[in-house]
Amino acid sequence: MAIHIIDRRLNPGGKSLENRQRFLRRAKSLVQGAVKKTSQERDIKDVLEGGEVTIPLDGMHEPRFRREGGTRDMVLPGNKKFIEGDYLQRSGQGSAKDSGPGEGDSEDAFRFVLSRDEFVDLFLDDLELPDLAKRKIAQTESEGIQRVGYTTSGSPANISVSRTVKLALARRIALKRPSKDEIEALEAEIAACADEDERVELLARLEKLKAKTKRIPFIDPLDIRYRRYEKVPRPVAQAVMFCLMDVSGSMSEHMKDLAKRFYMLLYVFLKRRYKHVEIVFIRHTDRAEEVDEQTFFYGPASGGTLVSSALQAMHEIVRERFNPADWNIYAAQASDGDNSYSDGELTGLLLTEKILPVCQFFAYLEVGESGGSAFDLSDSSLWTLYERLRNGGAPLSMRKVSERSEIFPVFHDLFQRRETSQEKAAP
Amino acid sequence: MTERLFEGADWDFHTLQRITDACEEVALKDLGLDVYPNQIEVITAEQMLDAYSSVGMPLFYKHWSFGKHFAYHEASYRKGLMGLAYEIVINSSPCISYLMEENTATMQTLVIAHAAFGHNHFFKNNYLFKQWTDAEGILDYLDFAKKYVMQCEERYGRTEVERTLDAAHALMSHGIDRYPGKKKLDLREEEKRAGRRRQHEEEVFNDLWRTVPKGASKSRTAISLERRRKLLGLPQENLLYFLEKSAPRLAPWQRELLRIVRHIAQYFYPQSQTKVMNEGTATYVHYRIMTQLHQQGRITDGNFLEFLGSHTNVVFQPEFDDQRFSGFNPYALGFAMMQDIERIVTSPSDEDREWFPDIAGKNDVMGVLRDVWANYRDESFIAQFLSPKLMRHFRMFHLHDDPEERAGIRVDAIHDDRGFRRVRRELARQHDVGYIDANIEVVDVDLSGDRRLILHHRVIKGSQLNETDAKRVLQHLADLWTYDVALIEVDGSDKVLREYVVSPRPITAAA
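Going line by line, the protein sequences match chains A and B.
In terms of the numbering used here, the first sequence opens at residue 1 and continues consecutively.
In terms of the numbering used here, the second sequence opens at residue 1 and continues consecutively.
Wrong hints could be hidden among the right ones.
Said to hold, decoys possible - Listed below are several chain A residues computed to face chain B (Cβ distance under 8 Å; list not exhaustive):
(1) I3
(2) H4
(3) E18
(4) R20
(5) T71
(6) M74
(7) V75
(8) P77
(9) N79
(10) K81
(11) I83
(12) R111
(13) V113
(14) D117
(15) V120
(16) L175
Claimed, not checked - Calculated cross-link-like contacts (lysine-lysine; reagent style DSS-like; alpha-carbon spacing at most 25 Å):
(17) K79/B - K28/A
(18) K130/B - K15/A
(19) K15/A - K461/B
What the hints contain is simulated information worked out from the structure, not anything from laboratory work.
Every residue, glycine too, gets a C-beta built ideally from N, C-alpha and C.
Input sequences plus hints: build the corresponding full structure.
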């Protein structure tokens, strides 16, 4: 009997991936809730790490007719001291009977592990880039080249041999070009033929065949096909994210932490939309400098506050390194709202003239002390300034945050799908 | 001296081939087994998890519930709560055995002997499998089912298909024919049948029929209850079959889906009835083969000890007051009974001669065992062959738990002369699916009235249905039936214990 031994280990894995996706789709709202809950407990740093979530089994339950209760009879092994007619107390000794595997009802919460991608997907699922940004993406496309079918003219380098030969073959068959075998067979017949008359006849036939072969070429210019290429617009697949932060003495650790969390979320979000994301950190007091991440968040600095210096620095960096035609530019500014009074006009000018036109998105995040509610104080100088600009039509997003737990809602709010605006645009 | 099959723990594909050949020699020559051709596949842990989640089958249609099971198994596997099986074997021809790549050479030998010869012989010869499953056709049928479900999803939308499958899955345990019909199931024919049906529909489709005015409907003469029940084939315990044939508003593809689920449930029906025997057979076979190989000197003493270690783990039976106890271990009970039969056949005691006059001292061990494996299921096997010696060995006792009884749980019988037969009967009953599954039947349909479907649950020993689950299943049933469904729980004296009535959910408008 033949025995087949097959090595299946190399078969592509993830056979049940589709079933898993179906499961996740079905449990989407449950899983999404669980993901949000889980992510609140986590450090922003590991927010993307995937991991275990627990969802209530309720919606995912597979019901069956099950019997329960009633009189029960059971046979068990391991009798030690019982004799017929004994009575066992229901609690205690008798409870052993309940130790069966509690498959059915005991798993009322369902735990399983989400991969990193699944986690991020669910985490950011209902967010999208603001409309403004999308319009800009459409404009800042570069061109690429793509194969599209065949053409009858072109450069010799682009000849498609297989297609050409295929067409030639079709033509030869259609026109009944004699094959090499046919001619050889005839020649052999002539060589073997003894009868003179027949030989002449065969020779005439051979001549005819040969003439036909010449008339119908093996490859005709008609057959030749070239690969065709077309230029297609290709969206810019890279983005740069500017983190601007006020690091003057008035910014506490807590405020920086809030800003950091916001930057992280923005980074994750952009990372999902663009192949390549760069980050530029600009911190400022009364003058601005580009720094690395460590210095940005933890380096000591002191001085006054001039917001315009940061904007100026950003403008220069954009001009030097990030051509707006090649880069999608995002900027997020975090500050406690202080700004030197004389700086307001310059800041406003820089923002509207230089920064906003090249940015996909500019967010201003005003961070406050923990416990200090955002509404009981009068608006800060920067807030007032930006609000005036926004009312003047500048595409600015601005929010106030003072608690860690507010970061995600604020972020969510900024990037939420604006279905209403689309509806407005429709009629 | 005979050549060793392998040294140490490592193996490669040549080793597997040698092992299989050696096992085959023992299985066919010494044990006289009759097996399907074997196909052995080596798989990884992930693939094993895959197989777990699709009820052990190599290909299956797509459904979210399999994804759920996969996620569940994967989570507990990663946490180390659950080990994976060493093998999975599929009742098909060729018989496919999956081996885990992590197994050592000894384990591979054990697994090949166990699955590729033990289970394989059982699948091919046991009467239940012969009656209910079509080993030749099952893989093709599953392939057909997978494609059919996929086509339906394309044609009618995923949500609709999912609704139907969800409902069918909920009723799966009651989609089984318990008594063999006239015709043997031919799964290959199924695929052609579905194709022909669709082709016929497409050929005879003529939009003109829609425009033909309908005459006044004929007044129906009231038919008698008996006649009506007969026309509908009532009472009917196969709910899926009943819906497939009689549900008034199902689309043809929905009926086909119900049919697929029903066929698959039917395919697994023998396995649930023969757990003890199936595992007992396989364990007995691997034990014989391994011992034989060791005696021939083809397995070293060290490897044989490794085998004995895992074998002992497999056939371990914790006692009832042990924390690890979770009912009778089918491997332990089955293996013990097979060995016990061997003992009775070769060296019976007086007691055995009295209890088993037919086989005691017959000396043809394999002949008797092959006959047993072919002609019994768990329930009849235990009722027939559980010996007093084994009951004493396991120290079995029977508990009777009547909630009405204030004094507690009564010990009804123990392993003594007065109790043997009662213990044995009760244990056999515990393995009788007819007794374990709820006995639910379609009894009537109010065809001339509101088309309410009426089901009865015959309550045995006061054990009623779990309420939440019953309501959910009935909801699915009502959705398929598209009219009200009533389930009445009645006891032996036709007294109504509880009544459920469920109305179908309105179908959400297709988007």
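Which of the numbered hints are not met once you compare them with the structure shown? 10, 14, 15, 16, 18 and 19
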